[in-house]
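**Student:** The lines below spell out each chain.
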Amino acid sequence: MSFARGQIMRHVIVGTGIAGTLAAETIRKFDPKSPIIILGGEPFFPYCRPMISMLLEGSVAPEEMAIREKEDFLSRDIELLLGESVREVNVLERKLETERGKVIPFDRLLIATGADPVKIQVDGCDLANIFTMRHREDAERMLKALPEVRRVLIVGGGLVGLKAAHALLARGTKVAMVEKLAHPLPLVVDGKSGAAISQRLEEMGVMLKMGVTVASFAGNGFVKEASLDDGSRVRCDLVVVAVGSRPAVSFLGKSFIRVNQGILVDSFLETDAKDIYAAGDVAEATDVVLNRRKVNAVWPVAAEQGIVAGMNMAGKRVVYRGSMGRNVLRIGDLDVLTGGLVNAPPNEGYDVLEDENRRRKTYRKLVFKGNVLKGLVMLNQVEKGGTLLSIIQRQIPVSMEKERLLEPGFDFSQLLPR
Amino acid sequence: MSDKTRKYEKYTITRDGQLMLGKAEQEQIETVWDRFQDQLPQCGYCEMGLSCRNCAMGPCRVDPFGEGPQKGVCGADADIIVARNFGRMIAAGAASHSDHGRDLVEVLEKVSQGKAAGYEIGDPGKLMRVAAEYGVSTEGKDASAVAGELAFAMQEDYGTRKKGLQLISRVPKKRLDTWEKLGITPRGIDRETSEMMHRTHMGVDNDWLNLLLHGLRNALSDGWGGSLIATEVSDILFGTPKPVTSTVNMGVLKEDQVNVIVHGHNPVVSEMILQATEDEDLIKLAKEKGAAGINLTGVCCTGSELLMRHGIPMAGNHLMTELVLVTGAVEMMLVDYQCIMPSLGHTAKCFHTLMISTSDKAKFPEMEHNEFHPENARELARGLVRRAVENFANRNSDRVYIPVEPVKCMSGFSVEAILGALGGTPDPLIDALKAGKIRGAAGIVGCNNPKIKHDYGHVTLTKRLIENDILVLDTGCAGIANAKAGLKVPEAIKFAGPGLKEVCGALGIPPVLHVGSCVDNVRILVLAAALANTLGTDISDLPLAGAAPEWYSEKAVSIGVYVVASGIFTVLGPTPPITGSANVVKTATEGLNNVVGACFAVEPDPEKAALLIRRHIEQKRKGLGLPSLDI
Amino acid sequence: MKEVVIHPERCVGCMQCMVACATAHSKTKNLLTALVESPLPKPRIHVGVGLYREGFPNRCRHCDPAPCMMVCLPGAIYRDETWNTVLINTERCINCATCAMACPFGVIRYHEDSLGPPEKTIAVKCDNCVDRQSRGLVPACVEVCKCGALTFEEQSSSLKRKTDEMARRVSVGAEDRGVVESPGFDLLNALKKANVELSGREASL
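Residue numbers (our numbering), protein chains in the order written: chain A, 1 to 418; chain B, 1001 to 1631; chain C, 2001 to 2205.
Because the hints were derived from the structure by calculation, they are not lab data. Here a beta-carbon is modelled for each residue, glycine too, at the ideal position from N, C-alpha and C. Misleading hints may appear alongside valid ones.
[Claimed, not checked] Restraint ranges, calculated between C-beta atoms of paired labels, are given here:
| no. | chain 1 | residue 1 | chain 2 | residue 2 | range |
| --- | --- | --- | --- | --- | --- |
| 1 | B | Gln-1039 | C | Glu-2197 | 16 to 22 Å |
| 2 | A | Met-210 | C | Ser-2199 | 39 to 45 Å |
| 3 | B | Glu-1375 | C | Glu-2037 | 51 to 57 Å |
[What the hints assert, rightly or not] Quick list of in silico lysine-lysine cross-link-like pairs, DSS-like style, CA-CA up to 27 Å:
| no. | chain 1 | residue 1 | chain 2 | residue 2 |
| --- | --- | --- | --- | --- |
| 4 | B | Lys-1023 | A | Lys-402 |
| 5 | B | Lys-1010 | A | Lys-402 |
| 6 | C | Lys-2193 | B | Lys-1007 |
| 7 | B | Lys-1007 | A | Lys-402 |
| 8 | C | Lys-2193 | B | Lys-1010 |
| 9 | B | Lys-1115 | B | Lys-1361 |
| 10 | B | Lys-1010 | A | Lys-192 |
| 11 | B | Lys-1071 | C | Lys-2146 |
[As the list claims (entries may be wrong)] Covered, in the sense of this in silico footprint (three residues per stretch, anywhere, with C-beta under 8 Å from a C-beta of chain C), are these stretches of chain B:
| no. | stretch |
| --- | --- |
| 12 | 1058-1069 |
| 13 | 1445-1454 |
| 14 | 1574-1583 |
The shape of chain A in the complex, shown without the other chains (with noise of 0.2 Å):
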């Protein structure tokens, strides 16, 4: 797959998030001559998605949101195409098309066009002010809105939730929360941590249910209240959807690139088409923890992952050694950190050893697999949480006693041979 040293090679990159950037970046590094455009579906500048909660919170501006300044893609003659979308793209002639009919060659093509949330198909799902939470646009509409709005429903526990609910208090409206599983983040903690994320939200000022979900929504024009499937009623001027998200790989209906839940890709993060790559969000490679391949929807993951696929885009042949899940989040006080396997399932040889200091107010969770080190739940401490994440990371089997690994004392200095 190599190509001769200064052949150009024409790079295109969808998506504008940090895995198309660091990419395009990294083509660019090793590559000085071949042209690199990178096409995003929405018409700003690439920002930081993560910091929309912020936007809407007010602790941001929107240029502060940016990923590079505009100098940055300028220097490195990287080619900005802005608000346009993908159609279709063609494998067999190795050109894409957009939605509005710019027909664009390449002879590398990465895809990094992240998710898209999921709606709630319900009654009333149409009203105005139901927003989901992925792009910028969704955190400016909801601005808007919020003068007229007093009360807030936050549909999903999960991360978005959390930051929307965050967000929302943080301007002054009452925020009630609905969650269908049994606690929040019911995908990224364990049930300790669950419980103790309840009780700061809770303490904050949020009006929590857990394992309900919603029914049905009514109003006239604008949502006024939400119907819960245990019969009870939640009222509320803004809702916000947060029930997770979907790789976004409506445009790759007739290509024959293989889609799972995401692209599947292998270990250089090639789709089934030859040059054609896959990262970030809407990729599907192998978790390390797991062994096989999983969409890890996390900042880190995309990061690392538009990375390596730039490298090898550029020629140079890296193997991706795998993403792991990986979460940090602060609810008030309280600061969650996870990676990895977090609910390990029962009787299938895992060994999970927990420790919880009230007075120090730390609690650890580690996931073993014999000696190997499968996932970590930790709240608070979480400048620690580096280290043991690389040991799940690198997947090899830990030689120390275990237990060391709960100690709210270990640290680096502990993998030390001495």
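Given the coordinates of chain A, work out where chains B and C should sit on it, guided by the hints.
**Tutor:** Quick look at chains B and C alone, frame taken from chain A:
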């Protein structure tokens, strides 16, 4: 609670300790182990003895790697700095014991003047014997008068007026000659400590060996001076211990009784508390308050004093002092001085427990100060125990957790009691030694230290030694550790080797004899001196050894040094801060052999320490011409 | 160019580097007055505890490429090529702690920075004392380390020293030891190691 105690198995071998650590964590109560973790890593300069803060030209440290500063600002090198620091540890330890002795002598004086209600002469026979040693004539004098003169004579041992300590006369002549030749015969109790502080001032003694030798002398002024006076006067005032049976560990606290715990060292306080808890009116008051009675127990040395003399149960040793409060069942803890953690007042605040400090020399945060003096002791004790009884009503029974059943133990083995058990003379012991049924004896002494798994050092070493027919005498925290492990009952001979089993079995004594509190280490010395005198040898010829497997305190340093200076090989568990000077290390672990016929060894592993002691004992046996083994 | 090199086998755990670092990053740059500043300055080097209770000065390695820089959401972490240092733009940091997840050494902390925006919790880490270096001074941690655990030297010279040490160690007659230069420190560490290992041993009762 018990499924979480697995991680506490690292901290302590005791079940009550593990369970209480679980409760402490549940209730978010900080313990000594938490504070130890927070301190890590501890500064290597200080661990090696290479830092000095004695003067304002400093503070200074010496780089052990030879590149950074090699001398303090004054010019002191590593040897001098290490020796000075070690000398001050000895001084502090000796001062503590000796001050404890001084307080007892002052009570004796007040008793003779009739100004100490509640105190009396508990053992008039011993009073007369010791008085005679001091050259006080006892003809036609009553106990009061003799007590007064003895007190005066003992006070002279503390000062400069006399040039020697009286009780040195008990030491075998060969040993005394050795000390004379070395120039380390102690001259006065306070004098040696004072001179150590002088010598270690910047610009005084800058010869590390000279400093160490004075260290030996300073320690001897404690071992054959201050501590010995403390033990003898305690016997005189409160009675010489006789074999007694009691119970130990946290199970001695009772859910249905008013629990009063004494902590600290000096029986001048704890004996008065004991009297108060036996007061009929107060017991009646307790019953009126719904308690079955008043339960007095002790922790640490003052507890040992009461155990030795009165069979008062012991709730725990040094590292358990916070955890006994965590049971939630303690109405009052009274403390005097030494080894009392300044955190206790804070721990007690989590419960209804009243914390009372009693010594003008020792005040603590969050404790109520009620100063004891010989004149007011009895009344004050009564008043405080009354408050403890009234505090019973404030106990929250939901938070009470006394997790174990107490273990039986025998105590009370003063030298007099040991000789009594042997039939009046040391002959049976000597015969057993000669025949090899008992190979030798070891004194297992000292504290606890969170650097070592609690009680693991003491119990493991003791078990190994008795398995090999070595009689163990223990004091202090070590004594409590062994008692908790069930080694202090006659039935414990099942853990002993065949010879020791036979001898102890015949005498009806356990293979491990509780000799008392930390000042009572002198009882071991006195016994050793008596044996040496009987056999016509020096103490250093005897098949004896000492060990402090888990020591922490400066007092332990003084004890270790006086034991070695008296001719007994001593093994330490935790490392003393001397590794910064190869010279000092060599002298302590080898050189001293050539000057005082004994030295130190540092061995954290009690299994290996047992081997060292066995080897040493067999060598000494060989030296005496007794049947010996090659270990 | 010179960089701070860590020699872990020399660390005695005295924590002077932490005190000096915090002082150097305070407003008043003097220990006594730093103690009454608000916010209290904090160190960017952290002495951790090893397996056998020894010390280890854990400091930012200014990696190239830097994982923290790659994942920083607002792009607040950047590399200063002049000083070969990874720095954090205190105005742009949003305290998301994504860098905590990325740093395998765990050297980033989150608090109000004495020299950063007031009342704002942000990510804080070693800045190679760039300010001091620009004034011709050595990094604060190196200045106070008296046992040689932190040195300031060209990479080539520290590599040469290690090579020499290695050569000495494998030559005939050399003792097989971690550090040849201090028997006393080795003795102390051997005893501390024994203490720790004993705690793990099952009691034979």
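**Student:** Taking the hints in turn, state whether each one holds.
**Tutor:** Cross-check of the supplied hints:
no.: 1; hint: B:Gln-1039 to C:Glu-2197: 16 to 22 Å; in the structure: holds (20 Å)
no.: 2; hint: A:Met-210 to C:Ser-2199: 39 to 45 Å; in the structure: holds (42 Å)
no.: 3; hint: B:Glu-1375 to C:Glu-2037: 51 to 57 Å; in the structure: holds (52 Å)
no.: 4; hint: B:Lys-1023 to A:Lys-402; in the structure: holds (24 Å)
no.: 5; hint: B:Lys-1010 to A:Lys-402; in the structure: holds (14 Å)
no.: 6; hint: C:Lys-2193 to B:Lys-1007; in the structure: holds (19 Å)
no.: 7; hint: B:Lys-1007 to A:Lys-402; in the structure: holds (12 Å)
no.: 8; hint: C:Lys-2193 to B:Lys-1010; in the structure: holds (15 Å)
no.: 9; hint: B:Lys-1115 to B:Lys-1361; in the structure: holds (21 Å)
no.: 10; hint: B:Lys-1010 to A:Lys-192; in the structure: holds (26 Å)
no.: 11; hint: B:Lys-1071 to C:Lys-2146; in the structure: holds (12 Å)
no.: 12; hint: 1058-1069; in the structure: holds (count 8)
no.: 13; hint: 1445-1454; in the structure: holds (count 3)
no.: 14; hint: 1574-1583; in the structure: holds (count 6)
Of the numbered hints listed earlier, not one is contradicted by the structure.
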